[in-house]
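Participant: Whenever a hint applies, use it, and build me the whole structure from the sequences.
As you go down the protein sequences, you meet chains L and R in turn. All residue numbers for the first sequence refer to our numbering, where the first residue is 533 and numbers rise by one. All residue numbers for the second sequence refer to our numbering, where the first residue is 533 and numbers rise by one.
Among these hints, one or two may not hold up.
No copy is singled out in the list; a pair is fine if it fits within one copy or between any two copies.
[Claimed, not checked] No farther apart than 25 Å at their CA atoms in a straight line, the calculated lysine to any residue pairs in the SDA-like style are these:
| hint | residue 1 | residue 2 |
| --- | --- | --- |
| 1 | K902 | C572 |
| 2 | K804 | H766 |
| 3 | K655 | G810 |
| 4 | K804 | R535 |
| 5 | K733 | P813 |
| 6 | K899 | M689 |
Derived by calculation from the structure, the hints in this document are not laboratory data.
2 protein chains.
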Amino acid sequence: MPREVGIVGIGHTSFGKWNRSFVELCCTAAVEALEDAGICRNSGKVDQLLLSTMGAQTLNHQSGVASALADTLNLRPAMAETVENGPASGASAVKLAYTEIASGFCDVVLVIGAEMMRTVNSKRCTDLVATLLHPEVEYPYGLTLPAMAGLFTRLCMEQYGVTEEDLARVAIKNHQHAIHNPLAQFHSELIFEKISGEGAKNPYVAEPLHLYDVCPISDGAVALVLCAMDVADHFAKRPVRIRGIGQATDTHTVAEREAPTELLAVRLAAQKAYAMSGLTPGDIDVAELHDAFVILEIVESEEVGFFPRGQGHLAVRRGETKIGGRIPVNTSGGLKAKGHPLGATGVSQIHELVVQLRGEAGERQVKGAKVGLAINFGGFGNNVVATVLTREEL
Amino acid sequence: MPREVGIVGIGHTSFGKWNRSFVELCCTAAVEALEDAGICRNSGKVDQLLLSTMGAQTLNHQSGVASALADTLNLRPAMAETVENGPASGASAVKLAYTEIASGFCDVVLVIGAEMMRTVNSKRCTDLVATLLHPEVEYPYGLTLPAMAGLFTRLCMEQYGVTEEDLARVAIKNHQHAIHNPLAQFHSELIFEKISGEGAKNPYVAEPLHLYDVCPISDGAVALVLCAMDVADHFAKRPVRIRGIGQATDTHTVAEREAPTELLAVRLAAQKAYAMSGLTPGDIDVAELHDAFVILEIVESEEVGFFPRGQGHLAVRRGETKIGGRIPVNTSGGLKAKGHPLGATGVSQIHELVVQLRGEAGERQVKGAKVGLAINFGGFGNNVVATVLTREEL
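Facilitator: Okay, here's the thing in C-alpha cells:
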C-alpha cells in the first residue's frame, strides 16, 4: 500500500507584476510555505524540491533553477528538479511529489510553481505558449492558443447555444470572486453592461472571444509543502490530504479529435482521480477549473460531471457556480481574474483548495467545504491533471 | 515496502548529427525501447512517459513535447511530463519514473532522454549551458562551463599533481572504448603523441583544458522502459534492477565551496545510492562517470570510492579504468567520445549499464559484470544523481 500524502504548508505571492529576480520570486513563496509548515529553513527536513515552470529558460534565461533554489533556500543537499507540462506543469509537479512520498523515497517535498512573464514583450509570451501547438501542422501557420480557443468557442456556440453573454457571465463571476482574494491580479468588479452588448468596451481578441474572456499575462509563484501523513504531526499545520490524482493525454491537434468540442482528457483525468479517491462528482464542494479562456470553465464543468453535456452555460446563468451556489467554481478568481503565471497556476489551484478546506478563505469561504477538485489543463487539452483533496478527517 | 523496479527495454539513436525533427529523434529511440521490451505500440501498457530534455524550448522552439510524444507514439491517454535538471536531467527522469512505479501509481514508465543541439550555432549551446551558472555572480561576467572546468582542472593539478598528460590519457581511453560502440559520435583512435606535447594538434579551449579534454556538441536520444518487478515477466527482456538511487545538491557557485576541488554532491549521491542498494564501491563492476570534461572522470572516480582522494589520475596511468582493468569506467566512450546530448546523457549512461549487465556489449563487454554505477552531473556539480543497477538475480 502506498503511503498517504498530505499538504502541511502553503505560500503564495501576489499575482501580477514582480520586480525582482526569478529566484527571489520562487523563494518568496517557498519561505512562506516553509514557515507555514513550521519548518526552520536549515532543519534539513526537506528531502526534495520540485520546481514547476514552463518558461524560465525562454523568458528569464536561466536553466537548472531548481538546483539554485535548493541552495538559496539553504536546503542543501536536498534533491531538486524542474517539471514542465505546459500550463499544467504545476499539477504535474504535485503528482510527482506525491509519488516520491507515497513510494517511501521521500518524507517531505517542497513544490514551487513560478512564472515571470511580464519581464518580456507580451508577443514573446504568446509565442512561448504557441510552441505547445503542433510544430508541423499548427504552429508554422501562425495558430496561437487564443485563436484556437476562439475556434473552440464558436463550435460550442453552434452546438450547445452558448452565447457571448454566457462568456461574460463567467468572467464577471470570477472577477467577483477575485475581489475577496488579496493575492489576485485584478480586484475590479466587471459590470455586465460595460463588457457586453452595444457600447461595451470589450474588443474581440479572437472572435467570438472578447478581451474579458481571456486570462491575463502574469508573474507569480506558489509553494506547497507535502509530507507523508505518518510524519504529518511533526509540522505546525494540520494536513489537507491528497486523495486522488488522475491524468490523461489527448491528440496533439484538436483537429484530429472525433468530437472537437469535447475535452476527453479532462473527463478521463477526473474519472481516474475520482476512482483513486473513492469519491464522485457529487462529493465535490469546491472546484478550481482551468479557465485560461472562460469557455474552458464551462466545458470542464461538464466533463468533470458537475453538469450534463451542453448545459454548463445554463448552470452559469442560474448562478450555480458562484460562491453560495450549488458547486462554487474558481473561488480564487480563477486564471481569468487571479492571473495565470503558467507554471504557478496548477500549484495555485491546489493552494486555493487547501485554503478552502482549512476554512481560511475569509469572505470567499465555501461553507463547510470538505472536498475539492482542481483541473489543470495543458496544451489545448492534450494533457490534463485532476487532483482531489479532502480535509484530513475524511 | 516500495515495489521493486526494473528496466526491460532499451533504445538508443546514434549520437552525432540528427537531420529530422526533435519529435522524430525522441520517437526513434522510444520505438526501439518499446520493441525491445516487446510492447506493441497501441497495447496501452505504458502508464507514463517522462521526457528528459534540457534545451528543447531554447534550441528547438517546442514546449510540452512530452504530450506530443504520447500522441505520436500512440500511447494516449498515458500521462506525460518533461523533467529538467541541467545535464543531469536524464538520471532525474529515471529517478522520478522509479518512484512512480515504486509507489504503485504506475506499472510501466517510458523514459526518453533527448537533445538536438547541432541545429543551432554552437555559441547558443555554450550560452544555454552557461545559464546553469549563477545569474548574478557568474553568468553576467561571461563565465562558461569550459572556463569553470579550466579553473577546476588547474586547482587539481596544483593540489594533486594531475598533469596535462593524465587528461590526454583519459581522452585516449574513452575514445578507445568508443571504437567498439557503434552508437558513439567518434570512432577515431587518439594517438598520445598527436594530442600531447610539442607539435600536438590539440589547442587549448580553456587552459589547461585542450580540445580533446572536452566533450563535443551532440544530437541524440535514448529510451528506457521501466516496470515493476512484479509485472516484469509480461515483457520480452529479463529486467535489470534499479537497486539504488542517490541525489544531492551543492552550492550554486563553486567559489562558495569549502574545498573547491571536492565534488561533495557526487560523494553524497553515491553514498546514498550505495546505502539504498546495500552495496559498496568494491561491488561495482562497471561505471559510467560524467566526463563532460575529462578531469571530472578523475575526481568522480575518487568521490564514488574507487580510489583515494588525489589518486584517480594515478589509477588512469596504471590503466585500472580501461576495459580489462580493475574497474572499467566509461565503456560506452563516455560523454567525451560517445557524445553529450545534454538531456539524453543520463539515460544513455544507464542504457550502457543495462547493455553491460545483460552481457550484450560485444567487444567492449566487461566480463561477468553484475553491478553498475552511473554518475550524472548537473551544473558544475551542484546537482548530482547516482544510480546503482544490478543483474536481476542479485
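Participant: Could you run down the list of hints and mark each one as holding or not?
Facilitator: Hint check results:
| no. | hint | verdict |
| --- | --- | --- |
| 1 | K902 to C572 | neither (29 Å within a copy, 43 Å between copies) |
| 2 | K804 to H766 | between (31 Å within a copy, 24 Å between copies) |
| 3 | K655 to G810 | neither (44 Å within a copy, 53 Å between copies) |
| 4 | K804 to R535 | both (18 Å within a copy, 21 Å between copies) |
| 5 | K733 to P813 | neither (37 Å within a copy, 70 Å between copies) |
| 6 | K899 to M689 | neither (34 Å within a copy, 68 Å between copies) |
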